[in-house]
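So you can see what is in the structure, the chains are spelled out below.
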Amino acid sequence: MCRLIILAAVALGMLASPASPAGTIRPILMKDIAFAPKQVTVHVGDTLEWANQDIVAHTATAKDKSWEVNVLPGKNGRVVMKAAGTFDYICRYHPNMTGEIIIEP
Amino acid sequence: MSKLPVTLLGACLCLAPYGAMAQQAAKLTDPQIAHIAYTAGQIDIQAAELALKQSKNKEVKAFANDMVRDHKAVNEKALALVKKLNVKPEDNDTSRQLTQQAGAKRKELSTLKGAAFDKAYAQNEVAFHQQVNSALQNTLIPNASNGELKDLLSTGLKIFQGHEQHAEHLVQSLPARTGAVH
Ligand SMILES: [Cu+2]
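Chains as they are written, first to last, in the numbering used here: chain U, 1 to 105; chain Y, 1001 to 1182.
Check before you lean on any hint, since a few could be wrong.
[Unchecked claim] To spell it out: a stretch of chain Y is covered by chain U in this simulated footprint if at least three of its residues, at any positions, have a beta carbon under 8 Å from a beta carbon of chain U; those stretches are: (1) 1129-1137; (2) 1162-1170.
[Said to hold, decoys possible] Label pairs and their in silico Cβ distance ranges: (3) U:Thr86 - Y:Glu1090: 48 to 54 Å; (4) U:Thr47 - Y:Arg1106: 44 to 50 Å; (5) U:Ser66 - Y:Ser1110: 54 to 60 Å; (6) U:Glu104 - Y:Gln1100: 28 to 34 Å; (7) Y:Lys1083 - U:Lys65: 49 to 55 Å; (8) Y:Glu1059 - U:Asn76: 35 to 41 Å; (9) Y:Thr1029 - U:Ala83: 26 to 32 Å; (10) U:Ala51 - Y:Asp1151: 18 to 24 Å; (11) Y:Leu1081 - U:Ala51: 44 to 50 Å; (12) U:Glu100 - Y:Glu1059: 23 to 29 Å; (13) U:Ala83 - Y:Gln1123: 35 to 41 Å; (14) U:Lys38 - Y:Ala1080: 48 to 54 Å; (15) U:Lys65 - Y:Ser1145: 30 to 36 Å; (16) U:Asn76 - Y:Gln1137: 27 to 33 Å.
[What the hints assert, rightly or not] DSS-like, lysine-lysine: derived pairs with alpha carbons at most 30 Å apart: (17) U:Lys75 - Y:Lys1058; (18) U:Lys63 - U:Lys75; (19) U:Lys31 - Y:Lys1158; (20) Y:Lys1061 - U:Lys31; (21) Y:Lys1158 - U:Lys63; (22) Y:Lys1053 - Y:Lys1072; (23) U:Lys65 - Y:Lys1027; (24) U:Lys31 - Y:Lys1058; (25) Y:Lys1061 - Y:Lys1027; (26) U:Lys75 - Y:Lys1027.
It is worth saying that the hints were derived from the structure and are not from the lab. Just so you know, even glycine gets a beta-carbon here, dropped at the ideal spot from N, CA and C.
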């Protein structure tokens, strides 16, 4: 009986273990005309939330155009990451702002 | 010897198309620096307004709207800062020459139409931002004595470096200027 419970617990633990649960929100700053951190690793289903602390609007735009969010000064903008892969992204208004999002399955 | 590099730098900048901004480098005061930066912003807003009136190209219009929005935002901060510091922006030879040159450029651009206008506007945006950025980097920021003014100019520099790249992309995306301007 004891053994069964332990086995069940282990099984459950294994099911839950593949890292972060779906729906985690990862914050990224838009500050001093840069993304911080520049590189972020998340999982499919996670949400990225950019917070713009600058005096001008920015975008976070995937270079392959698969996602984009426009973020006004002092505001936040979210995108749910739907597909695995490595995405280079920029601000369309200030292409000197560059970042990378790695999305694991 | 230690003064030589500064002199050389000044000489180089004066040869550039918008050399006006590099003059009097050593003599510039904060109120003058603030006015030069503000004037450069206003010039770019006016160029963008001309583009919004004159262009039919979606990308050119989008770029022009970006310029109006960003330069207004930076200039609003500049106005708020000079008010806070209780300094009066001061007209000076550099800002007057800038305004004069911009007027001439605007006149030239306003005679162009369609694709010829788009290309000339975009190319001028690259050149103008290059010039403003090198003036900020080499003259205005190093000469600013107030810390908050220095910070705002440094933020402005990063924003305008972004505009310079954005303008370069715009030039590349437009069809090549084929000879005759009608
Ligand atoms: Cu931006």
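Against the structure, the hints come out as follows:
1. 1129-1137: violated (count 0)
2. 1162-1170: Since three or more residues must qualify, the claim that chain U covers the segment 1162-1170 of chain Y holds, with 5 doing so at under 8 Å.
3. U:Thr86 - Y:Glu1090: 48 to 54 Å: Taking Cβ atoms as reference, Thr86 (chain U) and Glu1090 (chain Y) lie about 51 Å apart, which means the hint holds.
4. U:Thr47 - Y:Arg1106: 44 to 50 Å: Since Thr47 (chain U) and Arg1106 (chain Y) have Cβ atoms about 46 Å apart, the given range 44 to 50 Å holds.
5. U:Ser66 - Y:Ser1110: 54 to 60 Å: Because 40 Å falls outside the window, the suggested range is violated.
6. U:Glu104 - Y:Gln1100: 28 to 34 Å: Roughly 57 Å apart at Cβ, these two residues miss the hinted range, so it is violated.
7. Y:Lys1083 - U:Lys65: 49 to 55 Å: violated (42 Å)
8. Y:Glu1059 - U:Asn76: 35 to 41 Å: Violated - the Cβ-Cβ distance for Glu1059 (chain Y) and Asn76 (chain U), about 28 Å, lies outside 35 to 41 Å.
9. Y:Thr1029 - U:Ala83: 26 to 32 Å: 55 Å Cβ-Cβ, so the 26 to 32 Å window is violated.
10. U:Ala51 - Y:Asp1151: 18 to 24 Å: holds (20 Å)
11. Y:Leu1081 - U:Ala51: 44 to 50 Å: violated (24 Å)
12. U:Glu100 - Y:Glu1059: 23 to 29 Å: Distance hint for Glu100 (chain U), Glu1059 (chain Y) holds at roughly 26 Å.
13. U:Ala83 - Y:Gln1123: 35 to 41 Å: holds (38 Å)
14. U:Lys38 - Y:Ala1080: 48 to 54 Å: Given a distance of about 30 Å, which is not inside 48 to 54 Å, the answer is violated.
15. U:Lys65 - Y:Ser1145: 30 to 36 Å: violated (45 Å)
16. U:Asn76 - Y:Gln1137: 27 to 33 Å: Given range 27 to 33 Å: holds, Cβ gap about 32 Å.
17. U:Lys75 - Y:Lys1058: holds (27 Å)
18. U:Lys63 - U:Lys75: holds (23 Å)
19. U:Lys31 - Y:Lys1158: holds (11 Å)
20. Y:Lys1061 - U:Lys31: Within the cut-off at roughly 26 Å; holds.
21. Y:Lys1158 - U:Lys63: The hint holds at about 21 Å.
22. Y:Lys1053 - Y:Lys1072: Satisfied, since the Cα-Cα distance of roughly 18 Å is no more than 30 Å.
23. U:Lys65 - Y:Lys1027: violated (48 Å)
24. U:Lys31 - Y:Lys1058: Answer holds: Lys31 (chain U) to Lys1058 (chain Y) is near 29 Å, not above 30 Å.
25. Y:Lys1061 - Y:Lys1027: Not OK: Lys1061 (chain Y) and Lys1027 (chain Y) at ~39 Å, beyond 30 Å, violated.
26. U:Lys75 - Y:Lys1027: Status violated; Cα separation ~40 Å.
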